[in-house]
Each structure stands twice: as structure tokens, then as C-alpha cells.
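Colleague: Next come the chains, spelled out residue by residue.
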Amino acid sequence: MLALRSLRNRRTTALLTISAIAISVALLLGVQKMRTAARDGFANTVSGVDLIVGARSGQLNLLLYSVFRVGDATANVSWASYQKIANHPDVAWTIPISLGDSHRGFRVMGTNNDYFEHYRFAGDRSIRFASGQRFADLYDAVIGADVARQLGYKQGDKVVISHGLGNVSFAHHEDKPFRITGILERTGTPIDRTVHVSLEAITAIHLDWDSGMQAQGAGRISAEEARAQDLTPESITAFMVGMRTKVMTFTMQRAINEYRLEPLLAIIPGVALTQLWNLVGIADTALMIVAAFVVLAGLLGMLTAILTSLNERRREMAILRSVGAQPRHVFSMLVAEAGLLASAGVLTGVALCYGLLYAAKPVLENRFGIFLDPGGLTGYDVGLLVSIVFAALLMGAVPAWRAYRNTLSDGLTIRV
Amino acid sequence: MDDTRAPAIEVQDLQYAWPGKPVLLQIKHFRIARGERVFLRGPSGSGKSTLLGLIGGVLTAQRGHVRLLGTDLAGLGAGTRDRFRGDHLGFIFQMFNLLPYLDVLDNVALPTRFSRARRQRIEGGDVRAEARRLLTELGLADPALLASPVNELSIGQQQRVAAARALLGSPEILIADEPTSALDHDSREDFLQLVMAECAKRGTTLLFVSHDTSLGALFDRVISLDELQRSDAEAA
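Protein chains in written order, with numbering that gives the first Met the number 0: chain A, 0 to 415; chain B, 0 to 235.
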């Protein structure tokens, strides 16, 4: 193939052009893969939960504080309402959530052992323990993988929970320290950054607190005295619901939203996640647009390289004409050249992207909890890559047209 | 379309002007018989290249006819003219005849990529063997030479490779446009002898264009472009 041999003769320029296209394609594909991974990671944060119920606020707000540990609840759900829904015949299980405290910047979540039993993420993955076990004693804590790594905690370490949120809290529940009984495996979800304790423990540490202040002197209740008290909470922040039959989900959602005794809100996590993603997704669309422009720059580089080569190749064209090449041969040769450059660039780019993704995979998983499965090329990816080559062929028509015009005017005259 | 009795090249009442320029070429009548070897003399700028463009079918005259082997080029479409050129004409230019990215044999074989007729005219159908045979006849048998990149050949060697290419597949007409002017005096005559011997063997019509009249004696006939333009310099 003449176009290929001609390109090989100009291999330095050709290789540079291919590299430019390859890097831009790798970037585009990388962004696309990360985008998919981020979206999946997002959608994978919670699964298997049919409804999330909290005090009536916004759907996103409830999702953010109950699942992503971002923001605060405006109000609580009374224990009575929780019990009423939890005992409904259509409800299979519930996971209560009580938020509001923290430990050195990590959120503390009060819950019960049903959480470890029923919570699912990333499809059907359940929470697994890297070491230790669930709550057994009142003052047991189970920590996420990030908490353990960043703070260097081991099983058996004592931790003190701080009142309220924020990195630097001055009010600590120092009199009721917790023992770490379990460390969870990495999930790539906010679970990794959570300190889990039992609901009763949350009640216990707040027994002698009122309006954000601990009682002084005789009002104090010690850790051991607290064990004797009724530790049933008056209210919880939110709870997750698993239905016996999925078809009842909507009925239950409506029933909760129309609950008369207390203003409650029930959301379907998948719907809320999609809504949240639509909001967050703008950023990654912007990233995608940037990557697309980089690809365009790569293709323009190719166009420049071919156009500048044309003048020194007029001799080549005249020779080809003299042996019977038609102007359309010259035209298609140049379009083929653009196609070859772009195809080589795209293939190299794909290889580069996959190479980098596989190299980065362990680091991303261990250090950032991002589960990035490079996977194969999806139909969308292939469409994207094919359209790059197609765009290159279209762009190749520009130098091809100029060469066509040149060959017509030069004829057999060899210009050097 | 291949009338064997028709002259190889016949030009009649030809007039050509580049767009927006005065008339450059005006030839009443001019013919070259088959197998004839003609030296066309003309100083640079006299319209030689334009005439070759018209004969080669890359330019079309505003008036008059160019007939090759009995076929009127004006009657053909652009694509057909290109194919006609590929099938029936071989060209040797002053210099830089070769594509730098092809090796010697591929350069010689180049016309067969575009012309099926020239491929079919090769006996046995082995293009590379025929190319090697032609190169040997033109004094380029050394295998090391055939393996080296074309731009490492001397100009004389390059011109012989170009001649082999122009002759491959036996086109009826060979047009040489100042093929010797980049060569030194001694190799000029050698080169010309080789080319003429090949043309004689195949009965190829040779139109040799040059400003250097010293070679004219080797040809059947010498025509001056100036004379062609002035009158109906019909001969033969």
C-alpha cells in the first residue's frame, strides 16, 4: 500500500502525530472509564435497600446524610414511628441510623448488628470484617478501613467519641471510651470512613448530656452506671428498610410519606442516587468535553503534519501521475494516510489507556478505595473511537483536496 | 481504439494558453510514426513541458487535437486519459524520478500498480522478474544495488532505474524529458544508447526532449519546437 510506505518514509513526523493522537485518545478513554467507574461507584454505594426513611426534608439531603455521611439531618424520627414501620408485616428488616457524633474527623454512626447483616453495596457485596467481629458489648466499636489505616488503629484499641461533628471538637465523651472490636474490609464507599457503634451506646454516652453540655458533679452517670439504664433511644436519625416483596415498595413509600403522626420522608435510593448523579455528573461531562477538545487538538496536529508535507511531496504526486495515477488516486491516498495515522493513534491510545489503568488499579483500590474495572471496550467506547477515525478521514479530505488541486495544476511537471 | 496503422503521436491545429496568459503553443501539424525516435529541441520556457503535458493527457488543449495511437485524447474523460497514459506511455524526467519510500524493484514495478494493460503485457506475469531483467539490460544487475535505498544511488543509476520503469510492460511510447541533463557528458551517451537499444528491441516510439543538441545525431529525426510553432513542420 503506497500510503503506508509513503508514511513510513516520513516516520518521525508520523510517529509524533500518532503519539499526539494516542495520548489524546488515552485521555479521552481514561476519562470515559473513570466516569463509568465513578458513576458505578456512586450507584454502588448502597444496594439491596428498598427505602430510606428520615424526617421530612429533601430527597437529596436525606440521601446525603444517611448514605454519604454528608450534611446533617434537620430533625429526627421518633422511636415509636420507627418501631411501627419496622414491625409492619411487609417489612423484612430495618437498619436504624443515628448520627451526630464524630471521632477525629470521621463520622460516628449508631446502628445495630442488622446493619452488618443486611446492608449491601456494589451489587450484592455485603460488609465483611477484615478482622474482629460485630458489637458484643455496649462500648464496642467497628471501624471502616480508612479509619483504621489513617489513624493506625488495631483491634482492641480504645477510642473516645467527640460530641458533635467537625475535625476539632472540644467536647469529648471521655468518660465512656469504646473498644475497637472489628475492622471492616475496604468497600470503596463512605462505610470506610465511618466509626460504627451500637444505638444503645449512642444513648448511653448522651444520658447525662443536655443541650450540648455534660452535666457536672452528681448529675454524671458513669460508663458502668449507664449499663443499668434503659438505653432505648427516644429517636433516631433515619433508617433503611428492606421489603419482603419488592412490589410493595411504592405502597410503603406512599404510606410513609402520608404518615400522619410525624412528618416523614421515604426515598428509593436508586432514584435519589440518579438525581444526585445528574447533579454531580455535570463536572464529569465538563471533563469529557475537555478530553474531546484534546482529541481535536491531536487531529489538528495530524492535519498540520499532512498539510506541511504536501509541498515537498509534489514530486511524489507528479511521478505517480506519470505512471497513470488519477487525481482520485492521489486524493484517496491522502485520505488513507489520515485514516492510517488516526487508526494507529487510536489503537496505541487504547493500549496506553489500558496499560495505565491496569498499572494504577492496585493503587486506586488500596489507597483511594476506587474500584476501577477497566473491563472491555463498551459499544459506546467503540463508537467514540470509530468516530475519531471517521473525523480524521473527514479532516484528511482537506489536504487530499489540496493535493488533488496541485496534481491537476502541476500535471507531470516535477517541482522540487 | 488501438489502430496499429495510426501514427504514435499526431498533433493537429493545437493551441494552448495557460489561464489568463497569451497563447503559448500553436502547432499546426506534427506527427511521429510508430517506432520512430525523435529528438525535440527547444530552449527552456519554449513550451516543451506544456507540450508534454498535452501529449501526456494531463492538460487539455483549448483548440485542436492530440492523437496517440489513433486515439483522440480530447474525446476521453479525465480518468480514461490517466488510464490511457498509464497503459501506453512511459516517462523519464530530468531527475528525482524515483519514489524515495520504494526500493529499486518496487520503483520499477510502479506502473503495474495503476495499469493492468502493462501488467498483462509482461510475459509470464512475474513483474519483479521482468523488472530485474530490465535493470540487468540497463546495467544494474548488482543485487547490493537493488537492495539499497533509491536515494543512495548515483544520478546515473537513478536515471536507468527510471528508464526501466518507463519501459516496463512495454508501453508504445516513451517520453524522455531532459533525462540526461543531470548526467555528465560520458554517461549521457551511454544512457541514451541503452535506452535506444531497448526502444529498438521493442519497437517503442521515443520522443526525446532536450535543449542540448549534441545528442541529436543519434536520432532518426530532430525537430525544433520553434520551427513547429512557426510552420507546419511536417516530416516523415
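Read the hints as simulated data drawn from the structure, not as lab findings.
Here the structure is a predicted model, which is why all the values come from computation and not from measurement.
There may be inaccurate statements among the hints.
[Unchecked claim] Sample of chain B residues facing chain A (criterion: CB under 8 Å; computed from the structure):
no.	residue
1	Gly-85
2	Phe-90
3	Leu-101
4	Leu-109
5	Phe-113
6	Phe-218
[Stated by the list, open to error] Over the 10 Å line for every Cβ pair with chain A, so calculated as not near, a few chain B residues:
no.	residue
7	Arg-4
8	Gln-11
9	His-28
10	Ser-43
11	Ser-48
12	Gly-52
13	Gly-63
14	Ala-73
15	Gly-78
16	Arg-84
17	Asp-86
18	Arg-164
19	Asp-225
Even glycine gets a Cβ: it sits at the ideal position worked out from N, Cα and C.
Colleague: If a hint holds in the structure, say so; if it doesn't, say that too.
Modeller: Now for the hints, and whether the structure bears them out:
At about 2 Å, the closest approach between the beta carbon of Gly-85 of chain B and any beta carbon in chain A falls short of 8 Å, and the interface hint on this residue holds. Evaluation of the Phe-90 of chain B hint against chain A yields a held restraint, the C-beta minimum of about 4 Å falling below 8 Å. Look at Leu-101 of chain B: its Cβ gets to within about 6 Å of chain A, closer than 8 Å, so that hint holds up. Interface restraint check: Leu-109 of chain B against chain A, minimum CB-CB distance 5 Å, threshold 8 Å, status holds.
Interface restraint check for Phe-113 of chain B: the shortest CB-CB distance to chain A comes to about 4 Å, inside 8 Å, so the restraint holds. For Phe-218 of chain B, the interface hint is violated, since its Cβ never comes within 8 Å of a Cβ in chain A; the closest pair sits about 22 Å apart. Every CB of chain A lies more than 10 Å from the CB of Arg-4 of chain B, the least distance being 25 Å, so the non-interface label holds. Distance to chain A confirms Gln-11 of chain B as a non-interface residue, since its nearest Cβ pair spans about 21 Å, more than 10 Å.
With a least CB separation of 23 Å from chain A, His-28 of chain B remains clear of the 10 Å interface cut-off, as annotated. Residue-level check passed: Ser-43 of chain B sits 12 Å from the nearest beta carbon of chain A, beyond 10 Å. For Ser-48 of chain B, the non-interface assignment is contradicted: its Cβ lies about 5 Å from the closest Cβ of chain A, within the 10 Å cut-off. Not every CB of chain A lies more than 10 Å from the CB of Gly-52 of chain B, the least distance being 4 Å, so the non-interface label is violated.
No beta-carbon of chain A is positioned within 10 Å of the beta-carbon of Gly-63 of chain B; the least distance is around 18 Å. Distance check for Ala-73 of chain B against chain A: the nearest CB is about 16 Å away, which clears 10 Å, and the non-interface claim stands. Under the 10 Å C-beta cut-off, the non-interface status given to Gly-78 of chain B relative to chain A is violated; the minimum distance is some 5 Å. With a least CB separation of 5 Å from chain A, Arg-84 of chain B falls inside the 10 Å interface cut-off, contrary to its annotation.
Remark: the non-interface label on Asp-86 of chain B conflicts with the geometry, its nearest Cβ contact in chain A lying 7 Å away (cut-off 10 Å). Listed as outside the interface, Arg-164 of chain B is inconsistent with that label: its C-beta sits roughly 7 Å from the nearest C-beta of chain A, within the 10 Å cut-off. Annotated as non-interface, Asp-225 of chain B keeps its C-beta farther than 10 Å from every C-beta of chain A; the closest such distance is 21 Å.
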